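Using the sequences provided together with the hints, build the complete structure.
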Amino acid sequence: MAKLADRTYGQALFDLSVEEGRVDEYAGQVKVIARAFEENPQLLQLLNHPQITREEKTDVLTNCFSGRVADDLTGFLVIIVKAGRQQFIPDILKYFLDAVKEYKHIGVAYVTSAVELSDTQKSAVEKRLLDTTGYVSFEMHFNVDASLIGGMVIRIGDKVVDSSIKTKLETLSRKLMKIQL
0 MAKLADRTYG QALFDLSVEE GRVDEYAGQV KVIARAFEEN PQLLQLLNHP QITREEKTDV
60 LTNCFSGRVA DDLTGFLVII VKAGRQQFIP DILKYFLDAV KEYKHIGVAY VTSAVELSDT
120 QKSAVEKRLL DTTGYVSFEM HFNVDASLIG GMVIRIGDKV VDSSIKTKLE TLSRKLMKIQ
180 L
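Mapping to numbering that gives the first Met the number 0: the sequence shown position 54 is 53, numbers consecutive.
For the record, the hints were derived by calculation from the structure and aren't laboratory data. Some clues are possibly wrong.
[To be verified] Computed Cβ-Cβ distance ranges for the label pairs, DEER-style: (1) V59 to L171: 28 to 36 angstroms; (2) R67 to S146: 42 to 50 angstroms; (3) S117 to S162: 13 to 21 angstroms; (4) D130 to E101: 38 to 46 angstroms.
[Claimed, not checked] Mimicking EDC-like on lysine to aspartate or glutamate, the simulated pairs with C-alpha atoms at most 20 angstroms apart in a straight line are: (5) K81 to E54; (6) K126 to E115; (7) K100 to E115; (8) K81 to D71; (9) K100 to D157.
Every value quoted in this text rests on a predicted model; they were computed, and no experiment measured them. Backbone N, C-alpha and C define an ideal beta-carbon position, used for all residues, glycine too.
Okay, structure coming up:
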């Protein structure tokens, strides 16, 4: 149910932003809203509280965001609350931002290596990804996992390229176990 709600509302907001030619404007303002929910988890708790009426919840949202973000976005949040889907607001906002990244051909890559990569190596990895994918830029996330022994694991969306020594050793071990003498 959660995936359906975030997809439905997030896609509706994305379609509206494209239709009105305000993708960048909405994306910037949605980031502000998402940050407000991230930094103030009690806001979502308040919106989910069963003893607070929907009218009071919409008043809180209007007071928080009116004048800070476009009236369309404030109205969008009010619609979500009136539909009783306020618990999905962070997921809806994330879906919208992901749709904007896809629309603008911005990839999100998670690179895990056995050792810390230098800035030159990080740039080389990003350049290689740009050359081999259809993205025009990447949002790069680098992590270190010493258990990989060597090599790296790169994840972009649901695609994973694993060239780590750890995986190669595990694969070799499985193949050796299948050998019958």
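* Asked: Failing hints, ascending?
  -> 1, 4 and 7
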